[in-house]
Structure formats: structure tokens, C-alpha cells
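These protein sequence lines are chains U and E, in that order.
Residue numbers for the first sequence follow my numbering, so the first one is 310 and each next one is one higher.
Residue numbers for the second sequence follow my numbering, so the first one is 651 and each next one is one higher.
There's no promise every hint is true.
Some but not every residue of chain U turned toward chain E, in silico, with C-beta under 8 Å [unchecked claim]:
1. Lys314
2. Tyr341
3. Pro343
4. Leu355
5. Leu356
6. Phe375
7. Ser402
8. Gln406
9. Gly408
10. Gln414
Simulated from the structure, these hints should not be mistaken for laboratory data.
Since the model is a prediction, treat every value here as computed from it, not as a measurement.
Where a beta carbon is used, it is the ideal one built from N, C-alpha and C, also for glycine.
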Amino acid sequence: QQQVKQSPQSLIVQKGGISIINCAYENTAFDYFPWYQQFPGKGPALLIAIRPDVSEKKEGRFTISFNKSAKQFSLHIMDSQPGDSATYFCAASHYNQGGKLIFGQGTELSVKP
Amino acid sequence: ETGVTQSPTHLIKTRGQQVTLRCSSQSGHNTVSWYQQALGQGPQFIFQYYREEENGRGNFPPRFSGLQFPNYSSELNVNALELDDSALYLCASGDQGQRGTQYFGPGTRLLVL
């Protein structure tokens with residue numbers, strides 16, 4: 310029940326295209342869903358996060374779509390750029406477990422010029 | 651405002667040895683969490699500290715221990731190192747009032763030979 314499943318494992322997108330990464334969770338107690346971006350040799354950087362009281366959140370080119378009934382959420386990167394090439398992780402946590410983030414397995418995104 | 655810093659950046663140890671990793675939290679944060687990230691995997695939660703006490707623990711054995719100091723800096727200690735302990739160790743800080751939101755440091759790469 311603690312798992313977060315992420316897909317695809319890798320993704321290749323042309324510059325200017327839309328990158329879409331999906332995550333599914335089982336634990337309905339989760340109430341916070343962040344996305345992190347990680348470059349090689351660096352720590353994960355918080356990109357955008359959503360709580361289950363909204364179905365969508367947009368920050369610049371990054372959008373989270375959240376489907377509570379399906380227990381799924383996704384990251385959309387609009388107008389993808391080569392600089393977006395990185396590994397992306399979805400994660401989930403719930404209030405009663407404080408800062409414990411459960412991470413997905415990661416998606417390696419490559420944006421081709 | 652300074653971000654999360656970690657030291658050292660890289661470390662090589664031999665099996666059976668002990669290691670101490672250090673972390674300085676982001677200014678204004680009062681929680682610190684430690685994660686282990688194996689190559690090609692998502693980070694795995696080790697434990698969190700708040701008010702100098704352990705505030706949640708993942709599935710890691712007791713030979714993984716930690717400390718949080720009054721200035722909110724932290725240490726991760728690992729005793730009796732095993733080959734499988736080779737990983738990137740990440741520290742993340744946050745505000746207990748903003749549960750879930752965490753900011754990661756660059757990590758310490760540990761290699762156990």
C-alpha cells in the first residue's frame with residue numbers, strides 16, 4: 310500500500326513537444342504529491358506539488374494533473390527543451406507520517422534538439 | 651537564504667567500517683530527513699528528525715542512526731558498513747508546519763569496497 314508506481318521508465322521527446330509522465334498510488338491516505346527533477350550528480354530539486362483537493366496545478370511549463378478516484382497523477386512538461394533532460398521522480402506522503410516521501414522509480418527524460 | 655548543504659561530497663570506505671555524513675538544513679527549516687538513493691532508483695526514506703528526536707523511520711536496520719543538533723544541522727551514522735550501503739545519501743530539510751515539502755541537498759556519494 311506504500312508503493313508509488315511511475316511510468317514510463319524512459320522517454321524521448323522532440324524539442325517543443327509535450328512530455329508526459331504518469332504515477333499511480335495505492336494508499337488513499339496520501340495527501341501530498343510532489344514532483345522532483347534530478348540532474349546527474351545532483352540532489353532532487355522540487356519542481357511542483359499538488360494536494361488532493363485540486364485536480365490540476367500549473368507553474369510555468371509544468372502542470373500536474375490529479376485524478377483522485379483513479380489514484381493517479383501526472384506531470385506534463387509543455388514546450389519541452391533540451392535543458393529539461395533529466396530524471397523525474399514523483400512522490401507521495403501523508404500528514405501522519407510527517408516528512409516520509411515515497412518515491413516512484415523515476416523517468417529518464419531526453420529532449421532531442 | 652542558503653540551501654541544504656552536505657559533506658563530504660564523496661567518500662570511500664571498506665566493509666565493516668563506520669561512516670558519518672553531515673548536513674546543514676536550509677535556513678528557517680526545523681526538520682531534517684535522510685534518504686538513500688541506489689543507482690538508477692528513487693530515494694528511500696531512512697528517518698526524519700524534528701526537535702532533535704527521531705520522528706519516523708523507514709525500513710533500515712539500527713546500524714543506521716542519526717542526530718539533529720540545536721542549530722538544525724544533522725548527522726547520519728552508519729556502522730558495520732556493507733557493500734550494499736554504496737549509494738547516494740541525501741539530506742532534505744523542511745518545516746514541520748509544511749509537512750511533505752522538503753528540499754534536498756546535493757548528496758554524499760558513498761562507495762563501500
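Okay, the hints, checked on the actual structure:
no., hint, verdict
1, Lys314, "violated, 11 Å"
2, Tyr341, "holds, 3 Å"
3, Pro343, "holds, 7 Å"
4, Leu355, "holds, 6 Å"
5, Leu356, "violated, 12 Å"
6, Phe375, "violated, 14 Å"
7, Ser402, "holds, 5 Å"
8, Gln406, "holds, 6 Å"
9, Gly408, "holds, 5 Å"
10, Gln414, "holds, 5 Å"
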